[in-house]
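All chains, please: the whole structure from these sequences, using the hints.
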Amino acid sequence: MIALEPPANNETSSTPGSVEEAKKAAGGGKPTRILVVEDEYLIALEIEHRLRDAGFEVTGIAVTADEAISMAGSDRPDLAIMDIRLAGHKDGVQAAIELFTKLGVRSVFASAHADAKTRERGSAASPIGWLQKPYTAEALIKLIKQHRGYSAVAE
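Mapped onto the UniProt record's numbering, the consecutive letters of the sequence shown carry residue numbers 1 to 155.
Take these hints with a grain of salt, some might be off.
[To be verified] Here are the computed lysine-lysine pairs in the DSSO-like style, where the Cα-Cα straight-line distance is at most 27 Å:
| id | residue 1 | residue 2 |
| --- | --- | --- |
| 1 | Lys142 | Lys30 |
| 2 | Lys133 | Lys117 |
| 3 | Lys90 | Lys102 |
Derived by calculation from the structure, the hints in this document are not laboratory data.
Here is the structure:
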């Protein structure tokens, strides 16, 4: 489960969720668009809330691989936060590979399942990174910011 902790109090940064914060998070342009793929409802809502507070745009929450692929096809997110174990017949690795090969959407795998065999399967999706559950929202946000090229943004 994602660790719940109060947001950091940083007097020098913009208000979380503000237009200024969103522009910072996106490197000055529009906010980074993120699809959350997670079948545990409370975890999905917490991820969505923390990402929005950090200035990202959450395009939606998918609970199955097929739903993720469909949503990404219409919403065109910049990246996906992908759990491995999902409702339905396909898992998150299959979904991430399809998102990458068909749409060019890369994923952050955020799962309790990160053994060597799973990581090897996931490598075909060219993942941005792996976060082992439980992880903090700050670790997820830092990984996204590093990937998007704005690691210099004040934490």
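Status of the hints after comparison with the structure:
1. Lys142 to Lys30: holds (18 Å)
2. Lys133 to Lys117: Measuring from Cα to Cα gives roughly 17 Å; hence the hint holds.
3. Lys90 to Lys102: Roughly 16 Å between the alpha carbons, so the hint for Lys90 and Lys102 holds.
In summary, the structure agrees with every hint in the numbered list given earlier.
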